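Novice: The primary structure of each chain is shown beneath.
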Amino acid sequence: MLRSLLKFVLLTRFSKALLAFIAFIFVYYVLAFSEFSAHNFYSARYLVVLFMIFLFVLSTLGGGIAILKSDRDFLFILPIPRRDLAVALYTAQLISMGLAVFFLLGYFYPFFPAAIRTSLLPLDIVAFSISITSLSIISFSLQFYRRLLLASFLSVWTASAMLGLRLSPAGIITGGEYLGSLSLVALAVTTTPLALKQLSSVELEFMRSLIRASSSDVKKQTDFAGLSPLRAIFSLNFFTVEFSGRMNTAGFGGGGYRSVRVRLVLLLPIMSLLAALYLLLMLKIGTFADVSFITAIASIYMIVFTLFMSLGVLGNERLWLGFTSVNPFAYLRYVVAARALSVASMFSPFAAADIVLSLLGVRGAINAALLVAVVLPCNFILVVLWSGYVSPVQIKEEGSMPSQFNLKQTLNVLPALVSIALASIVTVSLIFAVIISLVMLLSAFVTLTNKRVAEIIIRKMVDNGFV
Amino acid sequence: MEAVIVENVYKSYGRVIALRGLSFRLNQGDRCALLGPNGAGKSTTLKILAGLLKPDSGIASIMGSEPSSIQARSILGYLPEDPSPYRTLSVRENLEYIAALRRVPDTKERVDRMLDYLELREYEKSKVSKLSRGNVQKLSLALSLLHEPKVILLDEPLNYLDIPTQEKVIFLLKRMNSTMLVSTHIMSVAERLTEQVVVIAKGNVIWKGGMDELRGISKDEPVESIVARMMTNAS
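Chains A and B supply the protein sequences, listed in that same order. If you're matching positions, the first sequence starts at 1 in my numbering and goes up one per residue. If you're matching positions, the second sequence starts at 1 in my numbering and goes up one per residue.
Since the hints were derived computationally from the structure, they do not count as laboratory data. Computed from a prediction, not measured in an experiment: that's the story for all the values here. Check before you lean on any hint, since a few could be wrong.
[Stated by the list, open to error] Okay, derived cross-link-like pairs now, SDA-like style, lysine to any residue, Cα gap no bigger than 25 Å in a straight line:
{"#": "1", "chain 1": "A", "residue 1": "K69", "chain 2": "A", "residue 2": "V87"}
{"#": "2", "chain 1": "A", "residue 1": "K408", "chain 2": "A", "residue 2": "L438"}
{"#": "3", "chain 1": "B", "residue 1": "K130", "chain 2": "A", "residue 2": "R261"}
{"#": "4", "chain 1": "A", "residue 1": "K16", "chain 2": "B", "residue 2": "G14"}
{"#": "5", "chain 1": "A", "residue 1": "K460", "chain 2": "B", "residue 2": "S57"}
{"#": "6", "chain 1": "B", "residue 1": "K202", "chain 2": "A", "residue 2": "V467"}
{"#": "7", "chain 1": "B", "residue 1": "K130", "chain 2": "A", "residue 2": "L264"}
{"#": "8", "chain 1": "B", "residue 1": "K130", "chain 2": "A", "residue 2": "N316"}
{"#": "9", "chain 1": "A", "residue 1": "K460", "chain 2": "B", "residue 2": "K202"}
{"#": "10", "chain 1": "B", "residue 1": "K202", "chain 2": "B", "residue 2": "E7"}
{"#": "11", "chain 1": "B", "residue 1": "K174", "chain 2": "B", "residue 2": "P105"}
{"#": "12", "chain 1": "A", "residue 1": "K396", "chain 2": "B", "residue 2": "G134"}
{"#": "13", "chain 1": "B", "residue 1": "K168", "chain 2": "B", "residue 2": "K202"}
{"#": "14", "chain 1": "B", "residue 1": "K130", "chain 2": "A", "residue 2": "K16"}
{"#": "15", "chain 1": "A", "residue 1": "K219", "chain 2": "B", "residue 2": "D112"}
{"#": "16", "chain 1": "B", "residue 1": "K202", "chain 2": "B", "residue 2": "M1"}
{"#": "17", "chain 1": "B", "residue 1": "K130", "chain 2": "A", "residue 2": "R263"}
{"#": "18", "chain 1": "A", "residue 1": "K460", "chain 2": "B", "residue 2": "K54"}
{"#": "19", "chain 1": "B", "residue 1": "K130", "chain 2": "A", "residue 2": "G465"}
{"#": "20", "chain 1": "B", "residue 1": "K130", "chain 2": "A", "residue 2": "L142"}
{"#": "21", "chain 1": "A", "residue 1": "K396", "chain 2": "A", "residue 2": "L438"}
{"#": "22", "chain 1": "A", "residue 1": "K69", "chain 2": "B", "residue 2": "Y160"}
Could you build the full structure based on these sequences and the hints that come with them?
Specialist: So this is what it looks like as structure tokens:
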């Protein structure tokens, strides 16, 4: 029973091509690990902590069980042993969440000293994979503030390794590898039984998450009455910021979409506060250290943030409404432009902070300002249009997977990877920063105004079952 | 002027041919049921007329204009099967947003009238994602009729509605005097809403005429059996 259930669960959630790709990458990493020679460990330790925090945050805040609507309607009511169902769903979850560890942290493997690589590091990687898989399941039905608390606790605990605390999930970077491994194993041992218990009553958890997901009323209503079409589009897409979940890098990501709308005016003070903290931090360390590392960290977080803002732009659109009420090409153009301007406004306090730093003589700050003010919003436009061109997926229901994970969808993340690469190049020199900004501006403008591109995207949306 | 023209339209999705030279016309004020078995091409026809798909060849027009033109869009109301309004917006926000895009005058009054008529007033602040399927259908009908379109394309309009609401919607649609093309599998819905019938199968018209004419084909059997026989013979 377990074998056939496992096969069914995996093949309904992942395309065969994607499973083959994941298997190939997995085998490649395992084989490649033994061949690498050690690099400069010191330079990689910050990034290891950063990526560990990123994965903890993503699994707790953006997690969700990889279940389909048809599971709720058919699979969950079948007379199958709950234990088998829990194991099958956990395995699918491990593939969709846990293997990300190999893709993201596997890169840093050769940076670790040989003695650690062959002893405790494999244990750490396995324990970490299991931990984020289990956390993504546990957080599925938690209220948002509880998920936020959990994410904050895990972030602080992991970051404490940078201060030399050995009993931390990232303890391996401190030289206290035994205590680091102990932390991760303890986390895995604590969270996995809870996750399996939750999966054994998955139908109840699913319904509970739907009820708890958000309140049923829109508290502050937007008044569209009397607005022109253009103002209505901007009112909806510029003044409210929408975050939608799921990333899909080689199958990696939460199972279900969640969409959250936040008013830009409420978000701006928070972003200003964060920008002020960033400014203070940069001023503090800018006098005696190379600030490009902090800039790179901030940039990566902003890129990830931008990615989450881009996922629902087309996914939450309704062809039969917006696209049939006005000229569809103009509608697509205005919606994407309004969202990109919203991104630029949201990050404008960081751009302002970078300009202040630049005026105070901090090296590389003006490059970061260009990155935030120009490159990120332009990249946002390209990410949205690219996802529409490659494989648009409509979000029709909360909580469950809108479609099977497939290899084509993994291409959606390419522009985000390009922008991470650009972010590191932009920090190198001002000339590069200016050239890249101009190229991105031109690319975004040409793509956004190209009628043929819009035609193809709309046709693909219709073909992919958008209503 | 003819309100709807579909002339020798071909449409395929890759290797699958959805429409093979489909042709029919509706005059202004006509109310026509579009009947056909699953996969006959009904939804594709409506999507082409709504300007969401372009035919591979042939002509489709709404009041003499191309379906994707501004002229056609401004007078067209379209309700797809299993419609889904903007999920993160409330009921009222959905109605007001679409009214603004369509430049509907007296938005507040019209929205209020629709909310009251379809008994959605108590849900006006509710997020669409939290509504029952029946209330989503009511809202979707309101969204497609809010601008009082001259041509209405409806795909299974009475799905999920309770019987009193079905009666209300039928009354509302009949009062509108618009040209109407209704795709449905339910003969009773077709009989209540329309006077004409186009039966299609495998992407082509196999029969067209008046509802009375259809009933008159055989007085000994129900109209469902007549239509079923037509479809079976065509396959």
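Novice: Take the hints in turn and mark each one as holding or not.
Specialist: Here's how the hints hold up against the structure:
Between K69 of chain A and V87 of chain A the CA atoms are separated by roughly 19 Å; this keeps the pair inside 25 Å, and the hint holds. Taking the CA atoms of K408 of chain A and L438 of chain A, the gap is near 29 Å; set against the 25 Å cutoff, the hint is violated. Note on K130 of chain B and R261 of chain A: the hinted pairing holds, with a Cα-Cα distance of about 15 Å set against a maximum of 25 Å. Between the alpha carbons of K16 of chain A and G14 of chain B the distance comes to roughly 22 Å, so the proposed pair stays at or under 25 Å and holds.
Distance hint between K460 of chain A and S57 of chain B is fulfilled; the C-alpha atoms sit about 19 Å from each other, no more than 25 Å. Restraint check: the Cα-Cα separation between K202 of chain B and V467 of chain A comes to about 23 Å, which is no more than 25 Å; the hinted pair holds. Proposed proximity of K130 of chain B and L264 of chain A is supported: the alpha carbons are some 24 Å apart, at most 25 Å. A distance of roughly 15 Å separates the Cα atoms of K130 of chain B and N316 of chain A; the hinted pair therefore holds under the 25 Å criterion.
For the hint linking K460 of chain A to K202 of chain B, the alpha-carbon distance of about 23 Å falls within 25 Å, and the restraint holds. With a C-alpha separation of about 16 Å, the suggested pairing of K202 of chain B with E7 of chain B holds against the 25 Å cut-off. For the suggested pair K174 of chain B and P105 of chain B, the alpha carbons sit about 23 Å apart, so the restraint of at most 25 Å is met. Taking the CA atoms of K396 of chain A and G134 of chain B, the gap is about 16 Å. The hint holds against a cut of 25 Å.
A threshold of 25 Å between alpha carbons decides the hint, and for K168 of chain B with K202 of chain B the separation of about 34 Å lies outside it, so the pair is violated. Between the alpha carbons of K130 of chain B and K16 of chain A the distance comes to roughly 34 Å, so the proposed pair goes past 25 Å and is violated. Pair hint K219 of chain A plus D112 of chain B holds up; C-alpha atoms about 19 Å apart against a cutoff of 25 Å. Between K202 of chain B and M1 of chain B, the direct Cα distance comes to roughly 29 Å. Violation of the 25 Å bound is thereby established for this hinted pair.
For a cut-off of 25 Å, the pair hint linking K130 of chain B to R263 of chain A stands: about 20 Å separates their Cα positions. Distance restraint check for K460 of chain A and K54 of chain B: the Cα-Cα separation of roughly 12 Å lies within the 25 Å cut-off, and the hinted pair is therefore satisfied. A threshold of 25 Å between alpha carbons decides the hint, and for K130 of chain B with G465 of chain A the separation of about 22 Å falls inside it, so the pair holds. With a C-alpha separation of about 18 Å, the suggested pairing of K130 of chain B with L142 of chain A holds against the 25 Å cut-off.
This hinted pair does not check out: K396 of chain A and L438 of chain A have alpha carbons roughly 37 Å apart, beyond 25 Å. This hinted pair checks out: K69 of chain A and Y160 of chain B have alpha carbons roughly 19 Å apart, not beyond 25 Å.
In this structure, the earlier hints numbered 2, 13, 14, 16 and 21 are contradicted, and the remaining ones agree with it.
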